[in-house]
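A.B. asks: Protein sequences appear in the order of chains A and B. If you use the working numbering, the first sequence corresponds to residues 36 to 474, in order. If you use the working numbering, the second sequence corresponds to residues 3 to 473, in order.
FYI, nobody ran anything at the bench for these hints, they're computed from the structure. Keep in mind that the hints are not guaranteed to be accurate.
List of simulated lysine to aspartate or glutamate pairs, EDC-like, C-alpha gap at most 16 angstroms [what the hints assert, rightly or not]:
(1) B:Lys-362 to A:Asp-132
(2) B:Lys-362 to A:Glu-133
(3) A:Lys-89 to A:Glu-157
(4) B:Lys-58 to B:Glu-98
(5) A:Lys-337 to A:Glu-358
(6) A:Lys-89 to B:Glu-236
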Amino acid sequence: MYYQPVIGLEVHVELKTKSKMFCTCSAIYFGQKPNTQTCPVCLGLPGALPVPNKQAIEWCMLIGMSLHCEIPFLAKFDRKNYFYPDLAKGYQISQYDEPFCQSGYMVLSSGKRIGIRRAHMEEDTGKLLHETVDGKKVSLIDFNRSGVPLVEIVTEPHFTNAVEVKEYLQKLQQIVRYLAVANADMEKGEMRLEPNISLRKMGETELPGYKVEVKNINSFSFVEKAITFEIARQAKLLDTDTLPVQETRGWDEDQKLTVSQRNKEEAADYRYFPEPDIPPFVWEKTYIEQVRKQLPELPEAKQKRFNATYSLPGYNAEILTRERTVADYFEEAVKIGKIHAIEAKKIANWMINKKIDIETVLPATLIKEIKSVEVVEELPEDTLKKIINNVIDSHGKVVTDYRNGKENALMFLVGQVMKEVKGKAKAETVREALINLLK
Amino acid sequence: MDFTRLTIAQVRKKLDRKEISSVELTKAYLERIGKLDRKLNAYITVTEKEALHTAKKADEKIAQGDASPLLGIPFSAKDMYLTKGIRTTAGSKVLENYIPQYSATVLEKMEHAGAVLVGKNNQDAWAHGASGEHSDFGPTKNPWNLAYIPGGSSSGPAVSVAADLASFAIATDTGGSIRQPASLCGITGLKPTYGRVSRYGVVAMASSFDTMGHFTRSVEDSALILSVTAGYDEHDATSSEKPVPHYASELKKNIKGLKIGMPKEYFTSGLDSNVSKTVKTAMHKLEELGAEIIPISLPHTQYGVGVYYILQTAEVSSNLARYDGIRYGNNRETFGDEAKRRIMLGTFVLAHGYYDAYYKRAMKIRTLIRQDFDIAFRKVDAIACPVSPTPAWKIGEKVSDPLAMYLADIFTVTANIAGIPGLAIPAGFAMGMPVGMQLLGPQFSEDILFRIGHQYQLTTDWHTRKPDLPV
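One chain only, chain A, in its complex shape (with noise of 0.2 angstroms):
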């Protein structure tokens, strides 16, 4: 039997706000000593309120822009009530029917749109620590995680294998890095996937009766390694005519296979109600519209300009825009290089190729060192000559403001004459060759 994988996604990314989701401690909790960074608030002390985070909640909306998501002029918090010990309050401030972000898409390479159901705003648990203390095996809470801004973002189920959700993800991570509002490191748990799968017989369209939610998955390779090993199982529980239990299942790396964690019986009834403590939001349009406007340019934005500005090939361009550090020193690097007639195409290649280390090298060294190894195959003085004198017959007014003295001027025809001599000139000499003829 053929079936069809029905895959959808919630992915949670940590923003990296400076103070936590409500309240004014430090978000930053990696590596620091537990429960130093913790107060009434994220401790869930009796009588403490939350406080939401306006910096928080304005990155989750440029997440759910980038996302292409409608954000809703009516938004609230709402508790999610559950137990369990590293939970502080014994509930979980998230977002019910009314989250920050909804109805969006992502685009994959292959062009297929993957809705994207809803973006919203909760806060971090605490973690647990299993320790033997004094010979004694004890479980311990560290506090520190408690109230850092979560991000999660849920697509619709339109994933059909392992490759998209992958490619989804990447492409995720890098629009949040672009954002700068996360790491999304997911070794630091700062980004964490839960895939939910299902099968369909080949040419059905509704969705399946069951699901399976597949949880503990800490990098691409796994989430891969995950859907396809779920997809095989489940494969072979209906090719006997079985449906596969709705549940959830934890993925485990040593033996490479999934394990039955909850089932639908166990699940959390998680009573949503409006969280009292914290007022709704009603948005002003403006007010939107001001948030939007932090939007920087975004991956596929910039690739598709980069292809066009500097006439790089896809590959190069879509290499060059992956972190927009990189980008950004790319485009540095293209405008001392154009004083210095170097193409950005062989700026593009020297990266690339070199594997230059932005953080050590300055753009300007990185053209030295261009220039410096260019060997220029130079013409004729007497064709440089015609060319120069051609070049200012045709820029009469750029003529007559250098001579009045602007010094742009020069650098402008010098970037003319290089145009017109394809590499076959140094820009020293044509820039003397130039005030030469201008005299």
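Following the hints, position chain B against chain A.
C.D. replies: Relative to chain A, chain B alone:
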């Protein structure tokens, strides 16, 4: 002269004229607590050492000419208010040994004002109850008759003011927990507008209803306290940024021409006839003072208790989840029956499949009750009505009938549902027990309520009556 019987306004003069020091005044209260509280059980914790220390500091300031209104005045606080370094129990054994690391905003304001905390008051555990009998630290007794309940849930704070065991007391009102015991003990009790006073640092009962108010011996004192406690708090997202009016000057204005509504739904067959008569007499007095009494209707009043016991228990079930047995030293078995009952009710109304039928519907009726008041306040400046359908009842009388106990809230819950202010003032006696009148107004109209109450107290003496307690 017994200084413990004076209002804040009266004792302020004595302090400023050095007729008495704050230390002497504090000692007088502590001594009275020592003598009477074994019978009344108004306190869970008496903070003698801290109180004398604060009083001494207050005296130093008074000597330097500081005449801040609450400087050196002894007060008590319901045990819902967190006090840094001082045990805070919420009346429950669950928190029997809990010593907070921080203080409630209201208490910080009190500290800043130089008021002297003499102790933490008894109450129905977690503020669940209308009689004071649900305290895990034993019931509080009504000073007018020790066989009677003082009302609840702020039983201890009410009794500490009524029996002169504190000059004033701060408390919480979620469904009537200040106004009802004020009425049953013959003192003045204010439930401010939701958002007027910060809730930060007060054990949450039902967060969308909880308001931070107080008990005093007069309306004038009540206004004085509110001018200290009111205002925006950056730690409470539901606190209002509205400026705080100058209540002291507002209450001096007369009430000529004020329109006061009389809601027919609050004078029904369920109302004790003596209470009805007393409240109507008081309203007649307001008329004499120049107010116009106008019959009005609040048609959704009958749904108030139902709506309240759905939404309130839902919030309670969530708010009490943090006492999970991992921290605070006691497990969930330690909860009393009433808390368990509310946790179960609240869990039920929020459960999958029941939410729409209960919680969601109750939210819709909450809106209707709010609208009732909105419509009424287009016609009138304030509303006058009873606080409690009956005077105080005997200890044990309703304790095994939770529904009867819930119905005691019938005239008070609506103000919490709508988030409006309510002021209870003594209006007379029925069968020897005090009866109060309730004044309700639009949101942030405390100034008008104070004005009506103060003008009433200028021409009546119900608020000056004291129970006869053998010392």
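A.B. asks: For every hint, state whether the structure bears it out.
C.D. replies: Structure-based check of all given hints:
Of the supplied pair hints, the one linking B:Lys-362 and A:Asp-132 holds, its CA atoms being roughly 13 angstroms apart against a limit of 16 angstroms. Taking the CA atoms of B:Lys-362 and A:Glu-133, the gap is near 15 angstroms; set against the 16 angstroms cutoff, the hint holds. For a cut-off of 16 angstroms, the pair hint linking A:Lys-89 to A:Glu-157 stands: about 13 angstroms separates their Cα positions. A threshold of 16 angstroms between alpha carbons decides the hint, and for B:Lys-58 with B:Glu-98 the separation of about 30 angstroms lies outside it, so the pair is violated.
Distance restraint check for A:Lys-337 and A:Glu-358: the Cα-Cα separation of roughly 11 angstroms lies within the 16 angstroms cut-off, and the hinted pair is therefore satisfied. Among the hinted pairs, A:Lys-89 with B:Glu-236 is consistent with the structure: their alpha-carbon atoms are about 13 angstroms apart, no more than 16 angstroms.
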